[in-house]
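Visitor: Sequence:
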Amino acid sequence: MDARRLGAGPHLPQAFLIYAAPGYLADADYDNLADDWVETAFAELAKRVHGKQAPLSRVTVRPPHTPHPVALPSPLPGSVFRLADYLEQHGRETRRLMCPPASFWQSAHASLTDPDDVNKLADAAYARYRLQWAHHLKRRAVDAGHPDACQILANWLEEVGNRKAAESLLWQVADAGDSRAFIYLAFQRENDGDLEGAASLAKQAADVGNPNLLGLLATWREEDGDRKRAKALMRKIADAGNQQALTVLAGWRAGGLAGGRRRSGGG
Numbered sequence: 107m108d109a110r111r112l113g114a115g116p117h118l119p120q121a122f123l124i125y126a127a128p129g130y131l132a133d134a135d136y137d138n139l140a141d142d143w144v145e146t147a148f149a150e151l152a153k154r155v156h157g158k159q160a161p162l163s164r165v166t167v168r169p170p171h172t173p174h175p176v177a178l179p180s181p182l183p184g185s186v187f188r189l190a191d192y193l194e195q196h197g198r199e200t201r202r203l204m205c206p207p208a209s210f211w212q213s214a215h216a217s218l219t220d221p222d223d224v225n226k227l228a229d230a231a232y233a234r235y236r237l238q239w240a241h242h243l244k245r246r247a248v249d250a251g252h253p254d255a256c257q258i259l260a261n262w263l264e265e266v267g268n269r270k271a272a273e274s275l276l277w278q279v280a281d282a283g284d285s286r287a288f289i290y291l292a293f294q295r296e297n298d299g300d301l302e303g304a305a306s307l308a309k310q311a312a313d314v315g316n317p318n319l320l321g322l323l324a325t326w327r328e329e330d331g332d333r334k335r336a337k338a339l340m341r342k343i344a345d346a347g348n349q350q351a352l353t354v355l356a357g358w359r360a361g362g363l364a365g366g367r368r369r370s371g372g373g
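Whatever position you read off the sequence shown (first residue = 1), add 106 for my numbering.
These are calculated hints, taken from the structure and not from any lab test. These figures come from a predicted structure and were not determined experimentally. You may find that some hints are simply not true.
What follows is a list of derived Cβ distance ranges for each label pair [what the hints assert, rightly or not]:
{"id": "1", "residue 1": "ASP133", "residue 2": "VAL167", "range": "15 to 21 Å"}
{"id": "2", "residue 1": "ASP141", "residue 2": "TYR192", "range": "29 to 35 Å"}
{"id": "3", "residue 1": "TRP143", "residue 2": "ASN268", "range": "26 to 32 Å"}
{"id": "4", "residue 1": "ASN297", "residue 2": "GLY129", "range": "36 to 42 Å"}
{"id": "5", "residue 1": "ALA271", "residue 2": "ALA216", "range": "18 to 24 Å"}
Positions of the beta carbon are idealized from the N, C-alpha and C atoms, including for glycine.
Work out the full structure: start from the sequences and follow the hints.
Guide: Structural data, given as structure tokens:
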């Protein structure tokens, strides 16, 4: 119930459930667990109640079927389970103000592999001031390839004054070929007033496969008064087929012509 209300997907690995469970038990209950408590618990939860639905159902996740080749998970995932809808709703209502125990976060970090699940639980940990687990889970989301996790983790590191670790993380991702990391680094440079450094990083972002990101560099050049270089860069983007670049160039030209008419009329 906690995993679902905090953003994890419906298919939860058996290992996650097993290793998260002990933190929900009082010491006396944990001491009295039988050796076969795992098997007994899953067997009990698989029984149908109210004549229709089992609290916890084992499900088989189908492999992806697309018209294009895709990488299949390796190794194949183990048993996964789905919580009954009525218990999911019950948990959202009755546990909305409760924070999961440490075993929950530890098991999530060790057992969950879906980037979205890990990323959402990292955000949930952060919102509940479980900051150490939030950082660990967000880093796992970065390693799993979540597209937004890197920037958020870098922001968290900067918030606690660890600028060096934030930049190291961004460079690691940038070196792996992610052009967005160059942009995050560029924004840091721009915020520090280092326009040349920011421009260089934006150019590197374009060089690793996204020419549209040169628009950021062109805008900085224009704002810095270097209209000639800004126009040259924007034309390069337009030549690559970016319609927005044509719009920007047209706006710059119209602004320049309007300014020229005003100056002429005023003279």
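Visitor: Now look at each hint and say whether the structure bears it out.
Guide: Right, here's what the structure says about each hint:
{"no.": "1", "hint": "ASP133 to VAL167: 15 to 21 Å", "result": "violated (36 Å)"}
{"no.": "2", "hint": "ASP141 to TYR192: 29 to 35 Å", "result": "holds (31 Å)"}
{"no.": "3", "hint": "TRP143 to ASN268: 26 to 32 Å", "result": "violated (41 Å)"}
{"no.": "4", "hint": "ASN297 to GLY129: 36 to 42 Å", "result": "holds (41 Å)"}
{"no.": "5", "hint": "ALA271 to ALA216: 18 to 24 Å", "result": "holds (23 Å)"}
Violated hints for the displayed structure, listed by number in ascending order: 1 and 3.
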